[in-house]
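Number of protein chains: 2
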Amino acid sequence: MKITIAQLNPTIGDLRNNAETILTIAIEAANNGTNLLLTPELSLCGYPPRDLLLKPEFIDAMRSELEQLAADFPENLSGLIGFAERNQNAEEKGEKPLYNSIALIQNNQIKQVFHKHLLPTYDVFDEARYFQSGELPNHFKLNGIHIGVTICEDLWNDEEFWGKRAYSMNPIADLTALNVDFTVNLSASPYTIGKQRIRERMLTHTAIRFDQPIIYVNQVGANDDLIFDGGSFVVNRDGILCDRVPQMKAYNHTICWENQRFVSTEPIAPTLDQSAELYAALVLGVQDYARKCGFKQALLGLSGGIDSALVATIAADALGAENILGILMPSPYSSDHSISDAKQLAQNLGIKTQTTPIEPVMKSYDESLAEIFSGTEFGIAEENLQSRIRGTLLMGISNKFNYLLITTGNKSEIAVGYCTLYGDMNGGLAAIADVPKTKVYALCEWLNRTTEVIPSNIITKPPSAELKPGQLDQDSLPDYEILDDILDRIVQNHESPDQIIAAGHDRTIVEKISRLVKIAEFKRRQSAPGLKVTDRAFGTGWRMPIAQRWG
Amino acid sequence: MKITIAQLNPTIGDLRNNAETILTIAIEAANNGTNLLLTPELSLCGYPPRDLLLKPEFIDAMRSELEQLAADFPENLSGLIGFAERNQNAEEKGEKPLYNSIALIQNNQIKQVFHKHLLPTYDVFDEARYFQSGELPNHFKLNGIHIGVTICEDLWNDEEFWGKRAYSMNPIADLTALNVDFTVNLSASPYTIGKQRIRERMLTHTAIRFDQPIIYVNQVGANDDLIFDGGSFVVNRDGILCDRVPQMKAYNHTICWENQRFVSTEPIAPTLDQSAELYAALVLGVQDYARKCGFKQALLGLSGGIDSALVATIAADALGAENILGILMPSPYSSDHSISDAKQLAQNLGIKTQTTPIEPVMKSYDESLAEIFSGTEFGIAEENLQSRIRGTLLMGISNKFNYLLITTGNKSEIAVGYCTLYGDMNGGLAAIADVPKTKVYALCEWLNRTTEVIPSNIITKPPSAELKPGQLDQDSLPDYEILDDILDRIVQNHESPDQIIAAGHDRTIVEKISRLVKIAEFKRRQSAPGLKVTDRAFGTGWRMPIAQRWG
Chain P
-4 MKITIAQLNP
6 TIGDLRNNAE
16 TILTIAIEAA
26 NNGTNLLLTP
36 ELSLCGYPPR
46 DLLLKPEFID
56 AMRSELEQLA
66 ADFPENLSGL
76 IGFAERNQNA
86 EEKGEKPLYN
96 SIALIQNNQI
106 KQVFHKHLLP
116 TYDVFDEARY
126 FQSGELPNHF
136 KLNGIHIGVT
146 ICEDLWNDEE
156 FWGKRAYSMN
166 PIADLTALNV
176 DFTVNLSASP
186 YTIGKQRIRE
196 RMLTHTAIRF
206 DQPIIYVNQV
216 GANDDLIFDG
226 GSFVVNRDGI
236 LCDRVPQMKA
246 YNHTICWENQ
256 RFVSTEPIAP
266 TLDQSAELYA
276 ALVLGVQDYA
286 RKCGFKQALL
296 GLSGGIDSAL
306 VATIAADALG
316 AENILGILMP
326 SPYSSDHSIS
336 DAKQLAQNLG
346 IKTQTTPIEP
356 VMKSYDESLA
366 EIFSGTEFGI
376 AEENLQSRIR
386 GTLLMGISNK
396 FNYLLITTGN
406 KSEIAVGYCT
416 LYGDMNGGLA
426 AIADVPKTKV
436 YALCEWLNRT
446 TEVIPSNIIT
456 KPPSAELKPG
466 QLDQDSLPDY
476 EILDDILDRI
486 VQNHESPDQI
496 IAAGHDRTIV
506 EKISRLVKIA
516 EFKRRQSAPG
526 LKVTDRAFGT
536 GWRMPIAQRW
546 G
Chain V
-4 MKITIAQLNP
6 TIGDLRNNAE
16 TILTIAIEAA
26 NNGTNLLLTP
36 ELSLCGYPPR
46 DLLLKPEFID
56 AMRSELEQLA
66 ADFPENLSGL
76 IGFAERNQNA
86 EEKGEKPLYN
96 SIALIQNNQI
106 KQVFHKHLLP
116 TYDVFDEARY
126 FQSGELPNHF
136 KLNGIHIGVT
146 ICEDLWNDEE
156 FWGKRAYSMN
166 PIADLTALNV
176 DFTVNLSASP
186 YTIGKQRIRE
196 RMLTHTAIRF
206 DQPIIYVNQV
216 GANDDLIFDG
226 GSFVVNRDGI
236 LCDRVPQMKA
246 YNHTICWENQ
256 RFVSTEPIAP
266 TLDQSAELYA
276 ALVLGVQDYA
286 RKCGFKQALL
296 GLSGGIDSAL
306 VATIAADALG
316 AENILGILMP
326 SPYSSDHSIS
336 DAKQLAQNLG
346 IKTQTTPIEP
356 VMKSYDESLA
366 EIFSGTEFGI
376 AEENLQSRIR
386 GTLLMGISNK
396 FNYLLITTGN
406 KSEIAVGYCT
416 LYGDMNGGLA
426 AIADVPKTKV
436 YALCEWLNRT
446 TEVIPSNIIT
456 KPPSAELKPG
466 QLDQDSLPDY
476 EILDDILDRI
486 VQNHESPDQI
496 IAAGHDRTIV
506 EKISRLVKIA
516 EFKRRQSAPG
526 LKVTDRAFGT
536 GWRMPIAQRW
546 G
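Sequences listed follow chains P and V, in order. Heads up, the first sequence is in the working numbering, so the first residue is -4 and it goes up one at a time. Heads up, the second sequence is in the working numbering, so the first residue is -4 and it goes up one at a time.
These are computed hints drawn from the structure, not numbers from a lab. There could be a bad hint or two in this list.
Each pair may be met inside one copy or between any two copies, as identical chains are not told apart.
[To be verified] In silico lysine-lysine, DSS-like type, Cα no more than 27 angstroms apart, as pairs:
no., residue 1, residue 2
1, K395, K358
2, K358, K463
3, K91, K338
4, K91, K513
5, K513, K291
6, K513, K358
7, K(-3), K513
8, K106, K88
9, K338, K88
10, K50, K106
11, K106, K291
12, K190, K91
13, K190, K106
14, K395, K291
15, K244, K91
16, K88, K513
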């Protein structure tokens, strides 16, 4: 039997085009003798559809699209297609109105529908908001071969692997009891640093433990803050990984089922090293946000600093250097190297630049505010003003020419509020909002591994916001190695100050950073969507009250 | 038996002070001969604690605080106290790590702990993210009286009342089978327009149906976007409402249980009419956000329009007129009446004003952008620029003097994107973000019911953003009555364009508005928290993708 994995990049809600993409692949696969086509979780509508699921017309249209797809499907091909199915009689039974479902298309009909059982409701996932947990087991036969069906989270509860249970049962146990020949896992699993390795280790463990080959099919492409990295793969029952599809791109790939083993038809795609993978994910994130929102061009402020240098590089790789405009906005506090470094970067990347000094606008604000501000000293208000002038200039250009403004703040500064709301936080997408400063450095070093992309002075000079004379980040923050470790413990590990101090950090610093993280919540609440690359990003999965007194 | 209802206004996470408030009330109640003290859901930490619940130290501290409170509690008083309890062995059983719990304090001990069974996971509620559903039934005996305990949502599943089930079971059915004498419902139920009436009708129905008196205890006070309106009340088994505590304020109140009926010790507080209730809710929302964030003073832009007039009035009532600063920022496109109307409003309210014309800053931006914008026509970019100059001036003053900036956009304009990101959307709190424009008018008419608070010209003149000569809202939008009806159908009822057209609206208008609602999502994602007053507000309960192609 031949099976085709369709590692798809759907656009959320674009039912018609998503279905057409599936159909095109299905026809090609059938022509090549494929028996079964596999698509990711919710492949018709894209993952995550979020509150579009609350619209009855959307659910109806998805059903119609599925029926049309079944009617158009190649006659000899079976397919597993992801969609959201209405839970009939939900209001009588007191259940959620939908299932997260997979339809089995066979002989131009919707032959069976399988429902996801384990519904992730943590971090960025809200599945219990929409979906009812389905009955188990999910399985079917094709040409005498018995196939188990699991949907994403259904295979993320191997208590032997994790050392704990997240749900009371593990759906693959039932499938094993039924003696299925193999199990497919149709997923939409977002990228985080190191996650592909975890997926492969986990499913290798599960395959061996349950003596079952597993085909893992993942969605690819970015939807708002979430980047799906693909990396679909196949593990045989002995735990040997026999197939892997490349990460970060839409890809169709056929494997063969022979003598109770999967055999690949192509070499196994290599995994990427951490920096290469992270960089590729960020490029995909920018590319898809722009494309799916209808932008062809983007702009950003180039300060001469390392954050905007990295984001410019990502943007140029995502949309083409010719589509990126860098705006230089020096102030009287800008150092000479800010301009020269930014220009050198733009030259290295081949992006256009425009220079607009902000001093005249600063002066006009100073005059307008002179009366109200009289008798006060230069401070945060004046520093923020510079940042807001830059943010306003950038948005003016964005509005005028319909360029996507990409904001350049990193996770460390967003965590401690070292950023200006309505200033440098302006933009449609925050490309590196989940990349800590130390990883910003690591990515730039990696970019320069063969030739100098990021001018070395940008990497080596001490970081500064340049909002007052001689200002340096480290005047008010600890070294970034220390800061990022403390932040990781606060944000990701939920450690208490006492625990962090016990790990060797200075009490004064820990207490200061904890306080800064807390009081910056109001800024983060209004930040642009940021591409999630860690297990705990600010954004849709970070739900912290603002008006609160804890910690 | 005497029972005291403590309608509390906790600050999220302020465990120490919340516990002290409870203790103070407990001591007073005990001195007055009370036997049982009732507090709202999660009264120790305040509702909703959201992701603070993910911090183990927070859960530990809450337990310690509860134990201390039990030790300090008056000896002869029993109390029901809300807290989040750790679910022991959750990782073995594959369950969520916490329960949403009520502790029964008796004889200075934590005598029993009850767990919420029905966990709301829709709209702004994310309880399945944190909590495991508890076992039922929850009940205890006090002085021979048998009392059932339910927690908020536990009583929101009367399928006879709703005509449908939201959950498979109704916890009060079990309590009835156990023959409890009465049931308490300890809640944190956020205000929406008309909700108090629904609560009273619902629990009246439930009381009669299950032949059970019910004491309903609600939290009061605002936490970020959610306003809790209190309005705790008591229904006897015949459905007679025998007691109601005032809405919108912290209040302690004692009732007597005699001969299987509740008897009040005070007159029943009246309900408010819709405008009075909505206005009081908005005042509470602004007041608590400011207080709980540590602001004593607030500022806002006064355009001379109706939105800023309403918000200024709310702010003055919330924080005191002497603590409100209105900023007038006329442009060359401002009409004369804008200034005079704004000044008249300020005089009526007794708030301070400052006037800062924006033309000089406009000119400096125009010069800075002249080269980049050369050959283009005046358009959205230039209109937004004016709004962003105002937003930047307001934030400058906010930063300089630590005033809370309150933003003034209404729901209708936020829905269609008739607002400027990083401009008039700037602010820490969006006071009327969930109030449709037609209700803005209604509230202003109501405010003027005896004396003219809002200058009548502000109400009667045609609304305009005044960003270009002669501009009126209705040049680009339908009349607000039509717009608000269409928006209500789209946003609240999830109706399709075809359904809305079938209801009598013009196809061209419906399609335009649908499209505007969709493409404004990127703005709403970055908006300040807005006080929720309808069943479907933009904000924490609105989770719509940005990069999507549906509708």
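Tested hints:
| no. | hint | in the structure |
| --- | --- | --- |
| 1 | K395 / K358 | both (24 angstroms within a copy, 17 angstroms between copies) |
| 2 | K358 / K463 | both (15 angstroms within a copy, 25 angstroms between copies) |
| 3 | K91 / K338 | neither (56 angstroms within a copy, 53 angstroms between copies) |
| 4 | K91 / K513 | between (35 angstroms within a copy, 25 angstroms between copies) |
| 5 | K513 / K291 | between (37 angstroms within a copy, 20 angstroms between copies) |
| 6 | K513 / K358 | neither (34 angstroms within a copy, 39 angstroms between copies) |
| 7 | K(-3) / K513 | neither (54 angstroms within a copy, 42 angstroms between copies) |
| 8 | K106 / K88 | within (25 angstroms within a copy, 35 angstroms between copies) |
| 9 | K338 / K88 | neither (65 angstroms within a copy, 59 angstroms between copies) |
| 10 | K50 / K106 | within (26 angstroms within a copy, 46 angstroms between copies) |
| 11 | K106 / K291 | neither (41 angstroms within a copy, 64 angstroms between copies) |
| 12 | K190 / K91 | between (30 angstroms within a copy, 23 angstroms between copies) |
| 13 | K190 / K106 | neither (34 angstroms within a copy, 45 angstroms between copies) |
| 14 | K395 / K291 | within (14 angstroms within a copy, 39 angstroms between copies) |
| 15 | K244 / K91 | neither (34 angstroms within a copy, 35 angstroms between copies) |
| 16 | K88 / K513 | neither (42 angstroms within a copy, 33 angstroms between copies) |
Going through the hint list in order, the structure does not satisfy hints 3, 6, 7, 9, 11, 13, 15 and 16.
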